[in-house]
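J.: Protein chains in written order, with the working numbering: chain E, 208 to 689; chain F, -3 to 479.
No wet-lab data here; the hints were simulated from the structure. Treat the hints with caution; some may be incorrect.
Stated by the list, open to error - Reference listing, derived: stretches of chain F covered by chain E, where coverage requires no fewer than 3 residues with Cβ under 8 Å from a Cβ of chain E: (1) 139 to 153; (2) 234 to 245; (3) 263 to 272; (4) 327 to 339; (5) 348 to 359; (6) 391 to 397; (7) 461 to 474.
Unchecked claim - Restraint-style ranges between C-beta atoms, simulated for each label pair: (8) E:GLY483 <-> F:ARG444: 34 to 40 Å; (9) F:GLN55 <-> E:PHE587: 47 to 53 Å; (10) F:TRP477 <-> E:GLY483: 24 to 30 Å; (11) F:LEU239 <-> E:HIS479: 25 to 31 Å; (12) E:TRP298 <-> F:THR385: 55 to 61 Å; (13) F:ALA53 <-> E:GLY531: 54 to 60 Å; (14) F:TRP477 <-> E:ASP528: 48 to 54 Å; (15) F:LYS61 <-> E:LEU609: 43 to 49 Å.
Just so it is clear, CB atoms sit at the ideal spot from N, CA and C, and this is done for glycine as well.
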Amino acid sequence: MFDLRPVLFLIGNVLCLLALAMLIPAAFDWRAGHAEWQAFVVSAGVTATCGLALVLGMRSGWRHLAIRQAYLTTALCWVVPCLFAALPFLWGAPDLGLVDALFEATSGVTGTASTVLTGLERLPPGLLLWRGLLQWLGGIGMIVMAVAVLPMLNIGGMQMFRIEVISAQDRATPRAARIGSTIVGVYVVLTVVLYLALWAAGMGRFDALVHAMTSISTGGFGTHDTSLAPFDQAGIDFILCVGMLLGGLPFLHFFYLAQGDWRRVARNQQVHWYLGLMLLGGLAITLWLINSRGFGVATAVRHGFFTVVSVMTGTGLTSIDYSGWAGMPVAILFLLTFVGGCAGSTAAGIKVFRFQFLFANAIMQVRQLLRPHAVLVPSFNGKPIAREVLGSVMGFLFVYALSFAVLAMLLALLGLDLMTSLSAAASAISNVGLGLGEVIGPGGSYAVLPDLGKLLLAAGMLLGRLEMFVLLVLVLPGFWDE
Amino acid sequence: MIDIRPVIYVNGILLLVLAGAMGVPALVDWVGHDPDWRVFVTSAFITALVGAGMMLATQRDGPPKITTRQAFLLTTAAWLLMAAFGALPFALSSLKMSYADSFFEASSGLTTTGSTVIIGLDAAPRGILLWRALLNWLGGVGIIVLAVAVLPFLGIGGMQLFKMESSDKSDKVRARTSAVAAGIVQVYAVLTLICAVLLWWAGMSFFDAVCHAMAALATGGFSTSDSSLGHWDSAAIQWILTLFMTLGGATLALFVAPWRRGGWELLRDSQTQWYLSFLVFFSALLTLWQWGVNDMEPADALRHASFNVVSIVTTTGFASTDYTQWGGFPVVVFFFLTFIGGSTGSTSGAVKVFRWEVLFGMAGVHLKRLLHPHGIFVINFNRRRISETVVDSVLGFVVMYFLSFAVFAFLLTMTGLDFVTALSGSATALGNVGPGLGDIIGPAGTFRPLPDSAKWLLSFEMILGRLELFTVIALFSRSFWRE
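Required output: the full structure, derived from the provided sequences and hints.
T.: See the structure below:
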């Protein structure tokens, strides 16, 4: 058994941060004269107590993280905050059971946007802000994990995105710190810009704040049951569309941009594919809306692209109720659910680069068939893709597909129909949050699902957010040995 | 530009074989005093004429030598041509089918898919029913030859693992390969015969028994009744077919001369073990569901569950009952089962068990490497190490498979199909399974109401899936046609 102290120490830190975050909605509720502020203060107290106990108790006696500790820390840093983040829902929201509260908190932290709450308009502002805040914090967590942790742990081909550091140890640390602070800075600045833009476009200040936080984090919680439909303004839709699109970009590239290295960003194949797929999907749905639904061109472009961007980046905001759509757009949305954003973004899903790797390899296979003795190596952004990387990606994809299939079957076992179980499973694992079909489609709610189904979906969200293997490796028999 | 004369020559021979096969239903119809015999004679005549023409025009001295590129072209062209000419009897027959329908039916037969556009099979002329079964059966022979003699040498989708081990002299390899292929086809024929006799003994009419035996061993799934095996609600018949579908989806090479192998090599083959355990697991699961949730009698539940699971996994496509009425869970299970497929070297389609094994191995290696970043891990198959090129090509295959599935599902929705029909239709055609899910193409429905464009798409998807994708996709690569 290895040393758990560093793991617990870091979780303690995260919990303290979470407790601080809880004070913000408390302040909002207190000012607006809602009694729910007490729920937030009590939750903050409980969380802070646990967090401080861990921090103070585990502070000394260790120096650095070994690989196993890194896995455990990463996994627990997502799972434990979900538990504590559920407290305000449990105590603050009217008649929300334990399972529902856990589901809502997990959905928030993982940026999924599946909700069991209805009547959002009547909820106290504190809870709405708390949902937005959870997604915003989850977004930062995701970027930090995707830029700094996953590439080091070799998860699912992420090793291709190791930050090149100058080999000398002392030089590396400041650069990593600079990258970290730049990325977080960009994230904060983008949120503020979105907030101001939304406010200028006519949203209320509170709504603008929540939506700015949930769009850049590709989370997708709104402040209304019907998401963006009540606002119904092209300007707002456009701003949020841009926000979600930015959230799905590799954040490391904002650092390169800040350094003036714009060529590197412009040449990035991953970004090309990401935008290209979005454009294709958006165009197809726009045309369908014009042809089959008789929409005007401007309206069709607006709703078509908004929906595609929202689903592909895994956000889950909706500008229009698409539950009546049938056939082609449904298939596009279902398939795009799996694609996701770029590596190192707040978006989840399989991610564009994995498809690129595999596609490059498949093309290579076709060439190899015709020239059996040639040595052909697939490449990405001009760099060759090593065999191990391809193996990792394929392993990832296989586990992804397997988890999707198993989750869908388990949901169906609980009595859901084909469409609901397929789309709920896909949407949980990809952290999208929107389903298809009558039950969980737009306008629907996850509240009617059986409790076990909600727990399964929450587990699926965590599994998806942690890129499968961070959790899977914990159950490997060899993990706890020695 | 490659020399296409040998390609045309071999295709001519194959068309002559097809014309010969058309003689069988002609004979049956003639004996049964059905006027449809003229249809088969006409079709046979046209087919033979074209075939002979192709042969004579490109005839040269000595046996044709086939290069790799020609083999790709030959294989794809052969399946397209056979489907095109196999469609003639349908188009000319008293059923008055359009050519799109006929082509769909013929390619569904030859690729051993088993999706049908014909309604009213029970009243259809016998010649047509026999022709459908024959197409299944011949398609089965075709795929065996392909899997043993062609795909391993082209190195498609990890099939190089199944290359015959032999000395390096190429003519020896060729002789041995054709001996193995002949052996397998014999096994296939003998099993068909046994199956037919057993079905007859269990109470089917002789004609139905022969048709179903041919469709079962080919894992094709064309039946002689609209309600498929629901028409024969006899436990014996359904269990016999379950057994023979299972055999049809197993590696047939392992049945060749079992007395020479000493002991139970079949059961020591890791692919067969996975295949059988998979079938048992899902049959048991659905039996429990049917028994516990739908209150079926345990014996009936076991029979229906195992029949339909085996039928879908081996990509046969018979149905003993409309399993889409069983509730949400079975429907989801059947959707995923569509992708599994039988063992390699069988007549079944889809991804196939051996590739799943490799994928499992790959995921396991990735998991272990996470803990031990510098460890060396290998993937084993049948207790031997798999080379990296094989792993790579399996990977390429699986990726292409799911990509094709997604692209065709998307194209199908563009023809106006609903989501479930498009998704399950694409899966069932690519895996050569047969029935889809949903109201239209479910086990109780047919593909007839689909628009013509969807039928053409599905026909090509079936051929694409049957030829293990890369045989066809290679033709679209620019470098194929250069040099």
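J.: Tell me, which hint numbers fail for this structure?
T.: 2, 3, 11
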